[in-house]
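Colleague: Each chain is listed here by its residues.
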Amino acid sequence: MLLREVEYAKPSSVKEALERLAENDGARALAGGQTLINVMKARAASPDVLVDLNGLEELKGIDLAPDGTLSIGPMTTYSELIDSAEARARPILREVCSRIADVQVRNRGTIGGNLCSNDPTNHLPPLMAAVGARFTIAGQDGERTVPASDFFLGVYMTAVGQAELLTRIAIPAGKQDGFAAVTLGVEGTCIVNAAASMNGSLRVAIGCVDAVPVVVEAESPDTVREAVRAAGLHPPDDVHASSEYRAHLAEVLAERAARQAAETR
Amino acid sequence: MTTIAPEKVEVGKSWLGESVPRKEDRRLTQGQGVFVDDVKRHGMGYLHFVRSPYAHAHITSIDVSKAEEIKGVYGTLTGEEVATLTDPFFQIASEPGGQIKDFSLAVGKVRFVGEPVVAVVAETRELARDASELVEVEYEPLPALVDARQALDGAAPVLHDDAGGNLMWEGVYEWGDLDQAFAEADHVVKIPELHFHRFNSTPLECDGALVEFNRGTGQWTIHTNNQFPGFAAIMMGPAMRCGLDKLRFVTQDIGGGFGNKITSHPQLVVCCLLSRKLNRPIQWTEWRTDFHMSMSHGNERWFQDTEVAVKADGTLLGFRTKALDDAGAWLRYEPLGGVIWAQVTPGMYRWRHIRVDFTQVATNKAPVSPNRGYSRMQHLWFTERVIDIVARELELDPVEVRKRNYIRVEDMPYETPNGCVYDSGDYAQMLDIALGLIGWSSMDDKRRDAESRGKRLGVGIGSTLDSGTNNFGQSRLINPELQFSGNNEVATVKLDIFGEIVVTLGTTPQGQGHETTAAQVVAEILNCSVDDVHVRAGHDSYWNSHAGFSGTYASQFAVTGLSAVKGATEMLREEIKRLASAVFGGVPVEALELAEGGVRIKDNPEAFLPFMACGAIINANNAGLPEDLGVTLNCRYVYRPPFQVPDVERKFGNLTLTYATQIHVAVIEVDPETGYYEIVDYAAVDDCGKRINPQIVEGQVMGATAQAIGAAMHETFEYDEDGNLLTPNFYDYHVPHALDMPPLHTGAMESPSPFTPLGTKGMGEGGGAGIHAICAAVQDATGKIVTDSHNPYHRVWELMR
Amino acid sequence: MNVSGERTFEAPRATVWRVLNDPASMAKVMPGVEGFDVHDSGRWTANVKIPLGLGGLRMKVDMEKTEEREPEFAKMAIKGTGVGAMLSMVTSFDLRESDGACAMAWSAEVKIAGPVGSMGQRVLQPIVNQQVENVLSALDVQVQEALRAE
Amino acid sequence: MDVAVTVNGTPYEREVEARKLLIHFLRDDLDLTGSHIGCDTGNCGACSVILDGKLVKSCMLLAVQADGSEIETVEGLADGDKLTELQQAFTEHHALQCGYCTPGMLMSATALLRENASPSDEDIRKALQGNICRCTGYWNIVEAVKSVAR
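Protein chains in written order, with this note's numbering: chain A, 1 to 265; chain B, 266 to 1066; chain C, 1067 to 1216; chain D, 1217 to 1366.
For the record, the hints were derived by calculation from the structure and aren't laboratory data. Wrong hints could be hidden among the right ones.
To be verified - Once the Cα atoms are required to be at most 30 Å apart in a straight line, the calculated DSBU-like pairs of lysine-lysine come out as: (1) A:10 to D:1270; (2) B:331 to C:1126; (3) B:711 to D:1342.
Bound conformation, chain A alone:
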């Protein structure tokens, strides 16, 4: 419960936040804190400076463009997304967010935090990979946009550099999505999850089987299992699941997510 000493900065703009982060390579952005603060309690990580992004309106809000593209501010909390009228354009977002942790965590935890921490047990990384989200990343020398396929680099690592911030998440129009997970108890710690999206072809992303979501493409739900097998997974094993069990769940859940996607009209 007892953190190491840390400095705290509360910038009033994204520009200032980026300055704070650039000043010290031990600085870390603090979003909802529902992962980072816990890791700091364990003292498994101890940033020198926490740059608090709470209150930066630029990083909040959900807009729906005429072409159906959803633009989500990374500091949007799960609860805000669940309540958002715009977000209903892509119902899976609400469905998955309402399955994350519990009320308290959903009130505080953010979409961007979930994605940038990229903990293997998180639900949003595979979901974003499946729906083909695009991520806008800002640094002091401007913005760039990366697709989901280049965004997740490893456990707790994404394309967002130490001195950068995720400033926008763009999700293309679409409705035919699916999600399936096996968790410890009802909505507990994730063992394996899978998200699917039908957009012409079928894209399925599987979480908690590797350092980053594993994406497979398939013609139809009937061929998803083969596609997953072909991906040649070597999932980590832990106290909740052997590598073999995770590999098996990956197939089953990928197919279930795919069927939900295919059956959504």
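Guided by the hints, dock chains B, C and D onto chain A, whose structure is given.
Modeller: Below, chains B, C and D alone, put in the same frame as chain A:
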């Protein structure tokens, strides 16, 4: 939630058997409880433990200088200092475990990950942890022993050289005539190995203390949440070379215990030594990860080479098995687990020929301690597994096998093969109630319905005994030298100057509602309202309100605690009458009665002496009272259950006074593709004799059930091959939350105990039934024999492959 | 946990061997090296900050060569101590000439304890694999540089 | 750093270290010990408080982050001696035993009932999912909350 309760026989207005709201709740619902971390003192120092990162290693050097240099750090304590300032803790074990040298900090060697090595005290909690990171400990790692089955191999690393190996205790228990039983048997069912896993009740509040040392009197005041101060005292006094009067234990509200808060004496000793060394109050709060890594795991047990003698019709004749118990790194309460199980030797069945070769070994894992259902749960899980495995092997109906072999109501009181006496109960009828609650008759339709949805349905029964009120004489079966026997508990009931009825208990409740049930008993006897009875919260050993076995553990308050309250209140009632008879000028005591907050003459109600007057006369206005009156209106009573010292040679005798019973039935649905399963229906039927407060009793049944569901499905303290705990927090040690709870139906019977003053039985530890039931349900659903008490999804999936 | 694999370097075995045995270039190979002391040809100490995404994990890492058969085989024992984190690793590699290039078969047994260890294998295994991948790529760079230097 | 908050209507100002968690601030600095600590990982919910109208776990928030906010804790529920309907219902339905999780449970249930005066059983269970109780098995807690639903 549906409930079946026995008919209530109304004999006038009685406080006994009433679900009166709890006195404790008013403060607890307002955040006004006083839990140990809420206790603060001026100038107190916060203690943080430096813990071992290794499961097994020599400590080659310790350097605290860098830590002590920091401003705001008050001081440190190392194992070397502890070894000079204290003696090793008294060991319950005879040879070889008795040879262990157990100190309150690691001395020379660490034996499990998380073992306290150095204590650091500082001005703030944060600073204490910062400084602990500057303590330099050099280790020389040793191979770790994590599997009890390898402990006795010559090649296994040895934890305690003093004990000459990893064997801590062994004993052979044999009753009846095994050869005859197996000769008579039509079938011998063989079960190579069963495993009862490691978990505990994880009370939401972890351990803690605030310790003050009074230089003038040499007394330590220990504000703590230890749930068995009587035991802590006899461990700490000799180790600290002081008399027990120097150790004052104070508790108020305790955030759950379940047995897991009995063995905090090592940490309490460290706090005591530091409060004296640094001359300031010492505050210690244990955090969740510390608790999981180092405290009070339940006994992990293997049952090997089991053989069961059965007749063709399913009549059970007897069994033999080898029990291998994993005590972890230290014997902090062990090897008592090596005999406690014998309270329920035959489970709930009539077999008479039983042999158990019991072996307990040390491993590089957290030390075990009592955990709700302590040691009996492991053995009862074993007997229930045997029943269901036998039923499967012989293709018999598990319900029929149980009913055929259950001890019958007409056999009560029933003497078990080892001389324990089951006091009362009708197991077969309880099972029928439980089966009725989950709609047993329509189970085939439910099965078909589940299959139509691609699920596999499974039903399982768990029968269990909740033996309560220990005869500590059983400790002699593991160490004949020990001079413990019997049991006792204390209550003091007084009438104060203004007529307040004040009750002091020796117990240390952790949510069992003692303030309420004690008040119910007092109100019943003094014929007043529970609202007029003031029961002091918590325990304070300073005012002689306790006895050697005082505490709250092992299902006994309804027997020991309430019998003490009953005894003290009856003494007070008689004193009030004697006083009134004197005041009324010699009216015979028989002519008096207590009513409406006072005492009066039966056929002349105007002659009324209110309690206020009684209290005032004795305490403040007593001139002229007869010299030989002998009334103090301050009555202390010690309840002592009727026990004999067991026969050590035959390992025979009554080990516990009462046997509450629970029968649970679980219905699960398994997803055959993933092994994921849910409990879709659940029934728990309880019989704990006379229920003083049915709502509190039902609450205990529910809580134990929830813990069983967690243990059976998710909760496990699992280690990797290097002895790292893989489930050190609630993220990986999943305790059930509200969404994990199945629909629950509860039922109750009341078979009063013939052996207790109120007909009550201790209860609260019957949750094991849930583990048995879920294992049986998994076996039913998968069609595969279940050999482990822990069945997470991946294991169920593996079973079905 | 155990990790192993094979990697081919476009360089003669002698060059690869030299790089693997040159503390200076190894310092460039290890993740997050902040300081590096060579005690003798067989013993080095490095101060590293292993990047864990959410924040670096500072460790003092002692390396000792426990076995060596120039120019094809070496075994190293690595012990890392950080605040509340322990790393111990035994790693070895085999170098084979394969038509001009050099094939390295390597394996490592990694043990991690402390708070980081309690983060769970599903987190640690990927992190370890990732760090190994980084080391190998960095090694490739060093080998190519050495080649150019020759 | 300076922190100014209003807790249960009372303004407080304190100087704290940036690293101090809100729960420690409430318990140790403001002596509001009704909110409890039951875990290290934000799972147990014993520390749940209402921060500017939103239910949060005060162990996953720095005290400095709460600067300028309105906080409600269990101590603020009752009106003097008058318990709320919900507190009363917890007693009547025996929804607490040791009482350690109760403050957090009450805050979660209070937050639920403000947003949804007539929750279903499922709504209630979902709303309490972030609060661990080891004594009751939750059944009586759900009953208690249901009993005050409109």
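Colleague: Are the hints correct? Go through all of them and say.
Modeller: Comparing the hints with the structure gives:
As the CA atoms of residue 10 of chain A and residue 1270 of chain D are separated by approximately 21 Å, the hinted pair is consistent with the 30 Å bound. Straight-line distance between C-alpha atoms of residue 331 of chain B and residue 1126 of chain C comes to about 17 Å, which keeps the hinted pair within the 30 Å bound. This hinted pair checks out: residue 711 of chain B and residue 1342 of chain D have alpha carbons roughly 27 Å apart, not beyond 30 Å.
Violated hints are absent here; each numbered hint is respected by the structure.
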